[in-house]
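Participant: The opening residue of the sequence shown carries number 1 in the numbering used here; numbering runs sequentially from there.
Derived from the structure by calculation, the hints contain no laboratory data.
Any given hint might turn out to be false.
What the hints assert, rightly or not - Okay, the calculated beta carbon distance ranges per label pair: (1) Arg154 - Asn193: 17 to 27 Å; (2) Glu91 - Ala150: 37 to 47 Å; (3) Glu89 - Ala50: 19 to 29 Å.
A virtual CB, placed ideally from N, CA and C, is assigned to each residue, including glycine.
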Amino acid sequence: MDEKTADLRDLFVDATGAETVTERQDAERGTLSDPDDPAVEERLRELVAAMRERYGFSTPLDDAAYALVARGRFDDADDAAIAAAIREESEATSEDDESDAAVEPGDVDAATVRKARLDLHLVRESDREVDAGEAGGESDEDADPAFAYADLKRLTAAGNSIVECAEELGAAPDTVARYAAVARTDIASTRANDRFRDAFRDLLTDADIEGSLASDAREDGLREATEDIETDVSL
């Protein structure tokens, strides 16, 4: 156990009063969770419902579909493939359930999945890669130059509107709006100490003991208790 992990374990023990880590935490890497376990699905739905209540969602997809979005994200499926899985699941469900669905399966596309994925704080690194070719010009020569995502994130965090960001960055508002959605997600996730993103990761992937300890500390309220503490550091 390295020094960082040891310190994290000590923090966990201090916060919970536990003398040992749980059985899940003691499991060897690769055996910490089974994504197909019904208990995992139940916890996944609970996380989705908690995020819906806290943030509100931008699509009409139900919690089951959002759970599929999370699973697809950690299976490295692209948004189009996730949309296809949701359509397939919705069509299968509709055959057994005559109730009105919140959204027609045919209306679920990659753009819908992208919005749902951002609702869940599940940003891909590719979401942050600004492409000058999609800036909205009539040709490559007319396309706005690429801007730095970090600059857009800074402007967004400062409360600037899409139009103000576009003027500052010299980019098309439609392009700025696309990446500003990602920036807002990153900002919201950071303010929540990334606990929702990490909780999905811990449920749907094999995390090592350090990640497991951090996840349990978050679930026990350690993160919430320390979120607003201001630290005065003298350099």
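Participant: Now tell me if each hint is right for this structure.
Facilitator: Hints versus structure:
1. Separated by about 20 Å at the C-beta atoms, Arg154 and Asn193 satisfy the suggested range of 17 to 27 Å.
2. Distance hint for Glu91 and Ala150: a CB-CB separation of about 42 Å, consistent with the stated range 37 to 47 Å.
3. For the hinted restraint 19 to 29 Å between Glu89 and Ala50, the CB-CB distance of approximately 22 Å keeps it satisfied.
In summary, this structure violates none of the numbered hints.
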